[in-house]
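Starting from the given sequences, assemble the full structure and let the hints guide the process.
Now for the letters of each chain:
There are 2 protein chains.
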Amino acid sequence: MLNRIEAGVTAPLGFEAGCAAAGIKYKDRTDMAIVYSKRPCVAAGAFTTNVVKAAPVLWDKHIVEDCENLQAVIINAGIANACTGEEGYGYCKQTADAAAKVLNIPADAVGVASTGVIGMQLPIDRIVNGVSLLAAAKGESYDDGHKAARAIMTTDTKAKEVAVEFNIGGTKCTMGGMCKGAGMIHPNMCTMLCFITTDAAIDKALLTKALKNDVVDTFNMISVDGDTSTNDTVLLMANAMAGNPVICEENEDYKTFCEALHYCMLTLSKMIAGDGEGCTCLFECTVVNADTKQNARTLAKSVITSSLTKAAIFGHDANWGRILCALGYSGVDFDPYKVDIYFKSAAGELQIVKDGVSTGYSEDLATEILSQEHVTAVCDMHNGNEQATAFGCDLTYEYVKINGDYRS
Amino acid sequence: MLNRIEAGVTAPLGFEAGCAAAGIKYKDRTDMAIVYSKRPCVAAGAFTTNVVKAAPVLWDKHIVEDCENLQAVIINAGIANACTGEEGYGYCKQTADAAAKVLNIPADAVGVASTGVIGMQLPIDRIVNGVSLLAAAKGESYDDGHKAARAIMTTDTKAKEVAVEFNIGGTKCTMGGMCKGAGMIHPNMCTMLCFITTDAAIDKALLTKALKNDVVDTFNMISVDGDTSTNDTVLLMANAMAGNPVICEENEDYKTFCEALHYCMLTLSKMIAGDGEGCTCLFECTVVNADTKQNARTLAKSVITSSLTKAAIFGHDANWGRILCALGYSGVDFDPYKVDIYFKSAAGELQIVKDGVSTGYSEDLATEILSQEHVTAVCDMHNGNEQATAFGCDLTYEYVKINGDYRS
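For the record, the sequence lines run as chains A and B. Mapped onto the numbering used here, the consecutive letters of the first sequence carry residue numbers 1 to 408. Mapped onto the numbering used here, the consecutive letters of the second sequence carry residue numbers 1 to 408.
Calculated from the structure, these hints are not laboratory results. The reader is advised that the hints may include incorrect statements.
One copy or two, either will do: identical chains are not told apart, so a pair holds if it fits within one copy or between any two.
[Stated by the list, open to error] With a straight-line cut-off of 25 Å between C-alpha atoms, the simulated DSS-like cross-links for lysine-lysine are:
no., residue 1, residue 2
1, 354, 93
2, 38, 101
3, 204, 93
4, 338, 61
5, 338, 93
6, 344, 401
In this text, all values refer to a predicted model and were calculated from it rather than measured experimentally.
Structure follows, in structure tokens:
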């Protein structure tokens, strides 16, 4: 049903993207990006649950919840515009005003997003100048989308993009996405910054519902370091240019749309976890046969957020006691002597624990399995039928290095 | 009222301690310890809330809750006897039986405690042999207590001891304590292993109440890495040999006893946080003027457990945005634009944030303040009158190194 294509946010009809080097904080690189739709979009957003919300989060919540359409998003990397008070919020408005002017659209159709250092004010003159550069540079090629995905990176090492084609009522629709995020990643709503575009026609209430339902098992299931950012934002824009019959009820078409959305969100989530600051591998935990879905999620997240477990994964050490320990302090009740644990990766699969105690497995084989770029721990609770997967990464010297000295 | 003395668990009358090199896992060092009272003690315990409880935790809970007295505790370092099933619990009983025999006391007056790797079985022959060595070696000098405190260390770099004298009804009483713990420290009840002795006479119910009330603001307020161990244990033993009138109601004497207990528990807690695995400093967060005591505790703990904040402290980087961010995702609601933040240490005090935004402080002075061995962040919520302090440490390369390769 879904056909993955090599593209990003510019894949759907009518979407353009671009980047600029505005000199906000970084030198010798692009640091601003635009996502623009030729037609106004219905939009949905998911935002950080942190009490401390960055100014652009407040701005975008307002745009998505109170205004009619979204047509452009202006993004900057380097400064987060968080903890910046009234002044910071004013800069969001000035950015939107500047974009509205050069793009000839209403200011309340312009979203803004920022990522970087907390507590510094934006150099608004450079931002406004950057907006003009963006308006002039944007285009609809894959290359334009890819450049935008690179411009929003901070400590990311890879641009993160995805695109799929799907079919709604006989019409080919397309969805594309890009995101960034490597540190301060422990979304309780969504992650640092994610932008998903689609040319499918869909009712706003259903778009909102689809996004809300999907973040629970995608962006809310990743963690790099347990810190929920002030800036987490997912913006989903649908411009209806594919020409499909508008999805306005929860029918098969809606289901197909949700599948495409889930594919994009899950793919981007895993890209973030696998590119966690300083990490050497994507560390996944799947909890199976839990009593409830929520408990499965809680258990899986507890494992991938355990510093000790993450350090052991870095050391390729099958220190399963730390996994059982992390399940145990998750807040979920269970019988430890029913739990089985397996490790798996491209190098094979191995049962490490049966009924809560060691199977006497081969340490050499376990180390081999844990030495891959994508490692999964499967925890079988033998306590029901629900399952969930959480995505994290290992904890390395490099993480400490990056974060011990981020601002200098 | 309280007089701190240079001593440990052997300070109170009638308490002996000792150590032995039993060769359980470590080479060329002592790895077992005993704490023994000449007279049977009333005892209280606080144990891990982890669903996965180590065998010695289950044993000690039984002894403290269901049995009359506690007279000796046998401790080993190297293997935690956690996730070891019926076999592991059987070894607790065998250890207690062996101690009962050589000490000529009932087996149900013997506590056991273990710390180290999860999932390995204890080499019971060596443990039983070690118990005999301990019984022969124990003594009541400060040196004996100090040797015991060293024998229970794992990745600790310093022995952790405390002792105070206090006065109950005109009689001098003494309390001493030792503990260990550096990794897997995020007690939700108490910490890895802590043993407190006193010659004061006190009713068991009040002893239990005093311990229960005090862990909330001491051991439950420290975190090294957010991982709540399977083995966390605090054992408090009172042998009544000081000869004071028995404390059997919540009067001034009880209050004095609680003060002595709090002093010992707080001192030992801070020693653990300040000796966190790989850490270079004790990082304290005091939240003042919060709306409720529990919210103050939650906010303070959120700050000292934030990986990003801990890495910034390691880098002597006044990255206050991470502190405000950690307050924000703690789950406590507050107005970020009312918050003030200060850093203080032996090098001075500096206001960094006023009303949620930067004060434009001197980065050089902030770095100087953060370069000390004991650093405090004070967060003024301007939202009430309650306060709490949490104790943690910085996150360093060394932490990753220790935990990436702990078992080899």
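Hints and how they fare:
no. : hint      : in the structure
1   : 354 / 93  : between (58 Å within a copy, 24 Å between copies)
2   : 38 / 101  : within (15 Å within a copy, 86 Å between copies)
3   : 204 / 93  : within (24 Å within a copy, 65 Å between copies)
4   : 338 / 61  : between (45 Å within a copy, 22 Å between copies)
5   : 338 / 93  : between (56 Å within a copy, 23 Å between copies)
6   : 344 / 401 : between (29 Å within a copy, 24 Å between copies)
Consistency with the previously given hints is maintained throughout, with no hint failing.
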